[in-house]
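Protein chains in written order, with this note's numbering: chain A, 1 to 170; chain B, 1 to 326; chain C, 1 to 336; chain D, 1 to 663.
Among these hints, one or two may not hold up.
[What the hints assert, rightly or not] Facing chain C, according to a computed beta carbon distance under 10 Å, are these residues of chain D, among others:
#1 R346
#2 G349
#3 R352
#4 L353
#5 A462
#6 V464
#7 T465
#8 D466
#9 A467
#10 A468
For the record, the hints were derived by calculation from the structure and aren't laboratory data. Keep in mind it's a predicted model, so treat the numbers as computed, not measured. Note that the Cβ used here is the ideal one computed from N, Cα and C, for glycine as well.
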Amino acid sequence: MTHNTFEPTIIGFTCNWCSYRAADLAGTARMKYAPNVRLIRMMCSGRLDPTFVLRALSEGADGVMITGCHPGECHYIEQNYKALRRYLLLKRVLKGMGIEPERVKLVWASAAEGAKFAAETTAFVEEIRKLGPLSWGKDEGGGMKDEIKNGDSSLTIHAERSSFEKEVAA
Amino acid sequence: MKPKFAMYWAASCGGCEIAVLNTHEKILDVDANFDVVFWPVAMDAKYKDVEAMEDGSILLTLFNGSIRNDENEHIAKLLRQKSKILVAFGSCACEGCIPGLANLSPVGDIVHTAFNTLTTDNPHQIYPRTSFDVPEGELHIPKLEKVLRPLDHVVDVDYYMPGCPPESHQIAAVIDLVIKVVKGEAELPPKGATIGVGNSTVCDECPRARNVKTIREFKRIQDIAPVDPNLCLLEQGIPCNGPATCSGCNARCPNAGAQCIGCYGPAQGVMDYGARLITAFSSVIDATEPQEIERILDGIPDPIGQVYRFNLAGSLLKANRNAFKS
Amino acid sequence: MNKYLLYPGCSMDSSARAYLESLNTILEPLDLQLDEIEDWNCCGATEYLGINLIPAYSLIARNLALATKQMDSVNGTGGTRTVITPCSACYLNLAKADHYMQERPALGAKVNEALSAGGLEYKPGTLDVRHLLDILVYDIGLDAIKRKVTRPLNGLKVVPYMGCMLPRPDYKHRWSDHEHPTELDDLLRALGADVIDYPLTTECCGGHMTQIGPETAFELIRRLIAGAHERGAYLMAAVCPMCQLNIDAYQLETNRFFHTHYHMPILFFTQLMGLAFGREPAELGIGAELVSARNALAHIGVEVPVTQEPATPRKKDEGLPMPRRWTRHEEKEAVK
Amino acid sequence: MTERVGVYVCHCGSNIAGVVDVVDVANWAAEKLGRRGVIIARDYKFMCSSLGQELIEKDIKELGLTRIVVAACSPHLHEKTFRIAAKNAGLNPYLVELASIREQVSWVHTDKAVATAKAKAVVSGAVSRVIENQALEEIKVPINPNTLIVGGGIAGIQAALEIANAGFHVYLVEREPSIGGHMSQFDKTFPTLDCSACILTPRMVEAGTHPNITLLTWSEVTKVTGYVGNFNVTIKKKARFVNEELCTGCGICQEKCPKKVIDEVYEAGLGYRKAVYTPFAQAVPNFPVMDKENCTYFIKGTCKACEKFCPTGAIDFKQEDQLINLDVGNVILATGYDLFDARRVRNDGYGRLPNVFTSLEFERLSNAAGPTNGNIVLRDGKSTPKSVGIIHCVGSRDRNFNNYCSVICCMQGLKFAHLVHERTGATVYNFYIDMRTAYKAYDEFYQRVLEEGTLFVRGKVAEVTDAARNEREKGKLIIQVEDTLASKQRRIPVDMVILSSGLQPRRDSKDVGKLFGISCSTDGWFTEKHPKLDPVATMTEGIFIAGCAQGPKDIPSSVAQGAAASARVLDKILQKEVALEPVRASVDKATCSGCRICNGLCPFNAISFIEDDQVTEINPALCQGCGTCVAACPAGAISGTGFSNEQIIAQIDGLLMKNLEMV
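Let the hints inform the model, and build the full structure from the sequences given.
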């Protein structure tokens, strides 16, 4: 897949009360946005278990969009702040795993903000498109061993420099 | 005829073997009830002897260590084939443990570090290679794989016994159980179960007092003086992994005045240990402004080491992206 | 210490000398440091943009590029990113170039191509272009200014005249309102002056129409002067050298044109600040204006020393007399 | 795989089928999702039709389906429909899952291939998820028959009367001393020119004397807990310093009070009231309130004139604010609007130029009971204007202020034009952007005003100034405007300018929204559940909205919404109980370590710690189902119905097409 034709796959987590309805509103108003985000409805962004994000990324998503009510407007009073805290720590962990923190984005969108939802979605898809595919763990395991057999391994990269080795061979 | 017993040491430190020894006289029960057919650390054995065994002829194999190279993988598959019950024994086999942290680096970097850092005297830049011709024939050393894997990423595992190492009293209890099963006095737990553990997390066994937690600062334990000996460590701002770590160790570390670092892995049924800690730590942060939250999070300077110290290879993401790419 | 880069503009050195002189007197009390952009050039004033866009923007952007360079060399990138201008026309031009170079990348690229000939480059959006008044009201703050007042201008009836180029189009939403901003009112009030609500505060002074269509300009000037006069103002306060020049220098001609007798002095707001901070009129360039502010200031007990009254300016329209036209007879005579 | 899943893909006419190849999606699901248990996949024109529902019911019975996925519109529209269909066929309704391929696919994407591919992914996610769904039972809770109505304007009064007349009790809370709202300040109402007070006062009195209505004026709601059917509300009843039991409303205290205060509220700053006052003669209730800030006794410690003269000893200087706790089943918010503050439009000169008036000021000027006894005069209180300019859309339809149309300003402007013309004979100019006279008899009124000779200029006023350019303009207010019909700049000198200011959400509408758990639009109006089909309900069950709190509207619409909201409340009351979504969290006590991480997370106090057992417990009656604690439990001991880990993980995998039998 070349960079130009790369179509990111993105999982979006939405809150039943705001962002999911914003998505509904974008639909009702026939606003067009990038088709790459597949939504999951939860009751609240506070339901977001970091496991879900990790699962999505490890199972083939190129990015994850987390959406919730604006700070102070949570249907459950303050649970979106809890989502915010988890998100900030999760980003640090993802960074440590070599994943660009931009691949996971937190967006606040109220039920009235269909246009914002559509715009943020399209913008996020473009951001991920620029970052390229994540394809998590696709090169793992067996393939490695073949490479070793072919002598094309990092294990032997410095082998030619080894004069000692040559001596032994002689 | 006594049922057959095997134990193997793959990529790990050997602590698990010591832990078995540490069961004291209980180890005699092993000998009394089993015919030990393969246990490289305790007796001489050859792989070809194992290969010659009938499939499924070993009743119980305790496999400690994770899969780092192709030799580990080969023996894991061999023992799976020959064993009725294969137990991932110890944190390395269960979830990668400390060796799993190597998954943060590309394998080339690891080799380079081992053979070419300032502390390594390697003037001729000699690096190992996997096969080598000598007059006597071709020599092999096992090939390192890109990433380290827990046992169940390679073969089907019947039971998991976590811990770094598993507590000796838990090992003794498991040995007792298997002996009873052999005698027909007990039944095996369902396949896939984690054994030798409690059914909750470390806090369940921790004697420290706990309250509703609100943290405005995370600190290293050495930066707090004095540490309240009776109060929950997390409440004192020390990132203790106890809330997310499977019980079974009798809260050894918190009892000794140190925070739990998570060697018993996740509670049963949990998909990703690190995620549980991410959510636990962030849940107790007392702040709503992003900058303030970030400031508090700065108190956990090595988030990966904190939440995945024993679990990285067994986590959903398994390794750093660069390690996969290498 | 509040540090900014200063783009003074051409008039500060000539027609608006009083502005510069008075500005210099308020820097120290307000703990303000203005570093002049080295080797700056004219902003092109109001006309050049109407003639040729790319050279005009390049001319302006050269100043921005110089400012960036100077900042980077002096402060590193962490220092001030603010360029201030005391002149509304300069302010608008610099802000406009910054805005349009950002909005229209093709223009930005062309301008930068021109700048590169001189080894310069300007990344639009990297500087804050602000007017002196903006800095004083929003950075220094009215409270700080109030604290420095030693001679409150109590009883000085003044109309604040913002002019048209300062609050509009206001790319960065710096002013309280585009039609009736009150920053100057607030500042003068902080000095203790009796500020009169001036509905004409953002009306045009005529700009360079004085040169190309004087009758249009005179009407605009008349409205401003008449408006101030009718509201009982002793004087007007200006923030722009162009406004000050038009009201001051063309007042006599406007009066002649309309057969009126207005006497409405106009001073720069910095001159009034200097007065309020206790400086003497002479230090502030007061007395150099054509429509004398002496009587106006006498209301609050400030004496302006008499300088030599400028000679009555020559009527511009009249010119020198032409030679008398020859009659055909005379011509014939001469050829003989 | 033991579950038997049926997938139903809806065409929704051409709404879905126009963009998504629904036949392909159904065939694909049957073929590729078979391993996950899909045994039948159909497409149908309108799944929500009775025939569509019957199709599902028939398949459940005949094919023994145990799970249903309907790929159609948003679950917020038809989830209920298909759950009922499943229930009718004997399947637990919570084993039905909706895949939104209309709002999330066909309506927002244009490329047919891409949209079809996304629809497949969405269906795949729903199939994976539905397999993890569990049979749940609705939670039934009783409905408290009492209703709280916040705001005693015409919308609130109407709603209160409807419910009270139906025989149920209403608590009507009003922030001001009297009910009546903005309508009580008006003189005439458009287009009929009825006297506002004449039609409003009887309603106010009825509300004030109704046995089923408890009026709580000079009061504000400070706290709301609970949920539909079972709200607990705390109301602060501000000290009136007048004992309501003893006061007869005779008015002597007002008469004797020596302190005059400008009345900023009722008289819009044009008139005066006393420190002890009822805002207007027909106030309901007609007990006065004491304005503590201005009362001489409270300021200086002496006076007490009111106390001395009160014939019943009703004045009580020691009265304190009271907190009242009420249990109610439903709430109607009819909190109204604030007038746009015309001072913000500086170029219109309000606040600077004396003879620029706001619409509310003019209402008081023209009101016979107002400060000038209905004489339309200039700010000097004497002169009658000879020419008047009325400016429309002040603060509305203007991106500097509010983008929306305030609905009432055109008709209000026309009403003013008529009143000025009728009472003063002055020349009247109306400056408008567009003339909006929709609704019954409105345009006829416009024609009438036109015929009366009012002059209309189409153009947005640039400036109102007193800076005259010539003799004609001297001493006048000059309106500078571009006449867009004549393509001309005009300067029109007038004596008086009236600004037809727009309506704005209440200053505290966001706070009130938060208090009651409902959201506001970006402008600040309360958000209705559906803009067309559910205009008085909100996302929060049991909380309804009516009148201008929902958006600008005129009196008839406000009254209609008040009545509509009350009908919705009565519907709830008469059902006696309400079914709640069985989305709840629970703790597995064996797994709970008692770490107490979750203990600080629940804003509804549903989480408590049992000291004896050292474990945490969740009270299902208080739990609102947000799932925050489920996500937070480090031991994985808390699970949540309806949105379980298993369901969500399965949906993620499904959406990512994991383990798909690819061709």
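Comparing the hints with the structure gives:
no.: 1; hint: R346; result: holds (4 Å)
no.: 2; hint: G349; result: holds (7 Å)
no.: 3; hint: R352; result: holds (5 Å)
no.: 4; hint: L353; result: holds (8 Å)
no.: 5; hint: A462; result: holds (8 Å)
no.: 6; hint: V464; result: holds (9 Å)
no.: 7; hint: T465; result: holds (4 Å)
no.: 8; hint: D466; result: holds (6 Å)
no.: 9; hint: A467; result: holds (5 Å)
no.: 10; hint: A468; result: holds (8 Å)
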